[in-house]
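These are the residues of each chain, in order.
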Amino acid sequence: MIRSITQQKPQEELDQLLNGLSRVFIVGCGTCVTLTCTGGRTEVDAMQRLLAARGKLITGSIVLPVACDNMTGEALQASRLMIGQAEAILVMTCAFGVQTVARQIKKIVIPALDTLFIGKETGPGQYDEVCTQCGSCIIGETGGICPVTSCHKGLVNGPCGGTNNGKCEIDQGKDCAWTMIYNRLKELNKLDAMRRLQRPRNHQGEPMPGKFRIKEAASLSPSATV
Amino acid sequence: MVSSFKKVLESGKFVVTSEIAPPKGTNLDRMKHHIELLRDKVDALNVTDHQSSVMRFPSLGGAILVKEMGGEPILQMTCRDRNRLALQADLLCAASRGVNNVLCLTGDSVILGDHKEAKAVFDLDSSQLLAAIRRLEKGKDLGGNDLDGGVSFCAGAIVTPEANPIEPQLIKFEKKVEAGAEFIQTQAVYDLDGFKKFMEYARNFDVKILAGIILLTSAAMARFMNKNVAGVNVPQALIDEMAGAPKGKAIQKGIEIAGRMISRIRNERMCDGVHIMAIGKEELVPEIMTAAGLI
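Chains as they are written, first to last, in my numbering: chain A, 1 to 226; chain B, 1 to 295.
Only chain A is shown next, with the shape it has when bound in the complex (with noise of 0.2 Å):
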């Protein structure tokens, strides 16, 4: 399962946007944050407590079972009291769930979190990117590795020359893709594919923002597909 990746925002980011704001509601998640601890119960808990520490009037919390779903409003309404009397709104979720919660509260909403990328567990504790939602995917050429999220620099044609012992140059705890790709490829015996140079990538796939609509959307509104 894909999970949105988030990590607080450093304390004094977190004090300036909530400067001059003495009455704060917390909303966490039940969802990603949890898995991550950065916007789950104990992560809610610790920052009503550091708040109030801080003197700040917590004026309640939730955390939200799925924070970017649809069932966020109405889980917000048994809530609407506390919410009432908070001046602002810390959201301890990604930003898909800062904006659902926005759209529902006339309230100013405060991230705690920086939303990092896209990621899926890979191991204990550890998420990845692996795909940065470009629009033109190309892992059919590359053994179902994406350099354009997995190379530093999103090359589509080998390494670059940073790369030193299957690592990227600027993180020796970041492998390199290329290094991915070529073992990967050599492995199913068609290296030919690296072989071929890339044409320069469209990088506009589908132009920033992204809107999707499903052709002849009335065909499948619920009454049509009875």
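Treat the hints with care, since some could be wrong.
[What the hints assert, rightly or not] With a Cα cut of at most 27 Å, we get these calculated DSS-like pairs of lysine-lysine: (1) Lys174(A) - Lys119(B); (2) Lys67(B) - Lys140(B); (3) Lys24(B) - Lys6(B); (4) Lys186(A) - Lys197(B); (5) Lys227(B) - Lys9(A); (6) Lys227(B) - Lys281(B); (7) Lys41(B) - Lys249(B); (8) Lys197(B) - Lys167(A); (9) Lys116(B) - Lys167(A); (10) Lys24(B) - Lys67(B); (11) Lys67(B) - Lys138(B); (12) Lys9(A) - Lys120(A); (13) Lys249(B) - Lys227(B); (14) Lys211(A) - Lys119(B); (15) Lys24(B) - Lys138(B); (16) Lys138(B) - Lys6(B); (17) Lys116(B) - Lys7(B); (18) Lys190(A) - Lys197(B); (19) Lys67(B) - Lys41(B); (20) Lys138(B) - Lys167(A); (21) Lys174(A) - Lys190(A); (22) Lys116(B) - Lys174(A); (23) Lys119(B) - Lys120(A); (24) Lys24(B) - Lys41(B); (25) Lys186(A) - Lys196(B); (26) Lys253(B) - Lys7(B); (27) Lys249(B) - Lys13(B); (28) Lys253(B) - Lys196(B); (29) Lys7(B) - Lys41(B); (30) Lys119(B) - Lys24(B); (31) Lys116(B) - Lys138(B); (32) Lys116(B) - Lys9(A); (33) Lys138(B) - Lys119(B); (34) Lys174(A) - Lys253(B); (35) Lys281(B) - Lys253(B); (36) Lys119(B) - Lys167(A); (37) Lys227(B) - Lys116(B); (38) Lys6(B) - Lys196(B); (39) Lys120(A) - Lys215(A).
Quick caveat, the hints were computed from the structure, so don't treat them as lab data.
Please build the complex by placing chain B on the supplied structure of chain A, with the hints as guidance.
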């Protein structure tokens, strides 16, 4: 118009290139001094492009200056800072000012430089930039539009002969040659027996190879490169030789080693020439060339 560097490459003589780094700022005195010192001694001078992702006076400005001062510039172009529009535009500008040699590089990560929060571009990679040059020469831009006034370049690229693993590097090398690289300047080599093995392979391709020579300035610098620079391996014997130099004479030892390596490469006809990098100590390049018996 055929670049004079291209004629040198095709002449069969032992080619010598070196490089200069533009300043951080508009004071061009030091760069001009290096151009004056080297323009008549080497066959061409690379002008580095925000080397190590450190913002500087542009390589195109430096290359134009080399040309104006009577030297033969090789314009280094990385893909880190410009998209395909800007890269093509700079190539048109270069061609219009008589800068007809280009070295195509991917470029270091911005994270390694002095503007760590900058947006990196990498719209093209080094092999695609080479292909773009060949396309411009045919009178078309990458959008398929006709050019009013043409370009002609002698285009090159780089390779790291001691990369680990080597095979992915060699595939990239072959793609660069296929995309139109006429010359290759290598990452610094110190183990010449290892380099000979690389050359046995590289000889199979129609491309001129210039071995990269980086001046060793101390044993500590050699150890630092081994630890931090990808694909650079200074053998222990050379580190010991540097460490054994009398106090204050390490640079002389480095010059001697560089000269000895160049002269062996030349005498054994290992490759087509050398590219001498004396990072920050450009004024020592003539001494290295003297030590190598080149001047």
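For each hint, the structure was consulted:
With a CA separation close to 20 Å, the supplied pair Lys174(A) and Lys119(B) stays within the 27 Å bound. Taken as a hint, the Lys67(B) and Lys140(B) pair is honoured in the structure, with Cα atoms around 26 Å apart against an allowance of 27 Å. At roughly 30 Å between alpha-carbon atoms, Lys24(B) and Lys6(B) are farther apart than 27 Å, so this suggested pair is violated. Among the hinted pairs, Lys186(A) with Lys197(B) is consistent with the structure: their alpha-carbon atoms are about 22 Å apart, no more than 27 Å.
Distance check on the hinted pair: Lys227(B) and Lys9(A) sit about 33 Å apart at the alpha-carbon level, beyond 27 Å; violated. Between Lys227(B) and Lys281(B) the alpha-carbon distance is near 22 Å, which keeps this suggested pair within the 27 Å criterion. A threshold of 27 Å between alpha carbons decides the hint, and for Lys41(B) with Lys249(B) the separation of about 25 Å falls inside it, so the pair holds. For the hint pairing Lys197(B) with Lys167(A), the CA-to-CA distance comes to about 24 Å; that is within 27 Å, so the pair holds.
Between Lys116(B) and Lys167(A) the CA atoms are separated by roughly 20 Å; this keeps the pair inside 27 Å, and the hint holds. The straight-line distance between the Cα atoms of Lys24(B) and Lys67(B) is roughly 20 Å, inside the 27 Å bound, and the hint therefore holds. Distance restraint check for Lys67(B) and Lys138(B): the Cα-Cα separation of roughly 24 Å lies within the 27 Å cut-off, and the hinted pair is therefore satisfied. Our distance criterion of 27 Å between C-alpha atoms is met by Lys9(A) and Lys120(A), whose separation comes to about 21 Å.
Taking the CA atoms of Lys249(B) and Lys227(B), the gap is about 24 Å. The hint holds against a cut of 27 Å. Our distance criterion of 27 Å between C-alpha atoms is met by Lys211(A) and Lys119(B), whose separation comes to about 24 Å. The suggested pairing of Lys24(B) with Lys138(B) is violated, with an alpha-carbon distance near 36 Å, which exceeds 27 Å. The hinted pair formed by Lys138(B) and Lys6(B) meets the criterion: a straight-line CA distance of about 18 Å does not exceed 27 Å.
Simply put, Lys116(B) and Lys7(B) have alpha-carbon atoms about 40 Å apart, too far for the 27 Å limit, and the pair is violated. For the suggested pair Lys190(A) and Lys197(B), the alpha carbons sit about 26 Å apart, so the restraint of at most 27 Å is met. Our distance criterion of 27 Å between C-alpha atoms is met by Lys67(B) and Lys41(B), whose separation comes to about 15 Å. Distance check on the hinted pair: Lys138(B) and Lys167(A) sit about 38 Å apart at the alpha-carbon level, beyond 27 Å; violated.
Of the supplied pair hints, the one linking Lys174(A) and Lys190(A) holds, its CA atoms being roughly 24 Å apart against a limit of 27 Å. Annotation: proposed proximity of Lys116(B) to Lys174(A) holds, straight-line Cα distance about 18 Å (limit 27 Å). Taking the CA atoms of Lys119(B) and Lys120(A), the gap is about 25 Å. The hint holds against a cut of 27 Å. Taking the CA atoms of Lys24(B) and Lys41(B), the gap is about 26 Å. The hint holds against a cut of 27 Å.
Restraint check for Lys186(A) and Lys196(B): satisfied, since their Cα atoms lie roughly 26 Å apart, inside the 27 Å limit. A C-alpha spacing of about 34 Å is found between Lys253(B) and Lys7(B), which places the hinted pair above 27 Å, so the restraint is violated. The suggested pairing of Lys249(B) with Lys13(B) is violated, with an alpha-carbon distance near 33 Å, which exceeds 27 Å. Note on Lys253(B) and Lys196(B): the hinted pairing holds, with a Cα-Cα distance of about 24 Å set against a maximum of 27 Å.
With a C-alpha separation of about 16 Å, the suggested pairing of Lys7(B) with Lys41(B) holds against the 27 Å cut-off. Taken as a hint, the Lys119(B) and Lys24(B) pair is honoured in the structure, with Cα atoms around 20 Å apart against an allowance of 27 Å. For the hint linking Lys116(B) to Lys138(B), the alpha-carbon distance of about 38 Å lies beyond 27 Å, and the restraint is violated. With a C-alpha separation of about 19 Å, the suggested pairing of Lys116(B) with Lys9(A) holds against the 27 Å cut-off.
With a C-alpha separation of about 32 Å, the suggested pair Lys138(B) and Lys119(B) falls outside the 27 Å cut-off, and the hint is violated. For the proposed pair Lys174(A) and Lys253(B), the alpha carbon gap of about 37 Å is over 27 Å, so the pair is violated. For the given pair, Lys281(B) sits about 14 Å from Lys253(B) by alpha-carbon distance, which is consistent with the 27 Å threshold. With a C-alpha separation of about 22 Å, the suggested pairing of Lys119(B) with Lys167(A) holds against the 27 Å cut-off.
Our distance criterion of 27 Å between C-alpha atoms is met by Lys227(B) and Lys116(B), whose separation comes to about 22 Å. With a CA separation close to 24 Å, the supplied pair Lys6(B) and Lys196(B) stays within the 27 Å bound. Distance check on the hinted pair: Lys120(A) and Lys215(A) sit about 30 Å apart at the alpha-carbon level, beyond 27 Å; violated.
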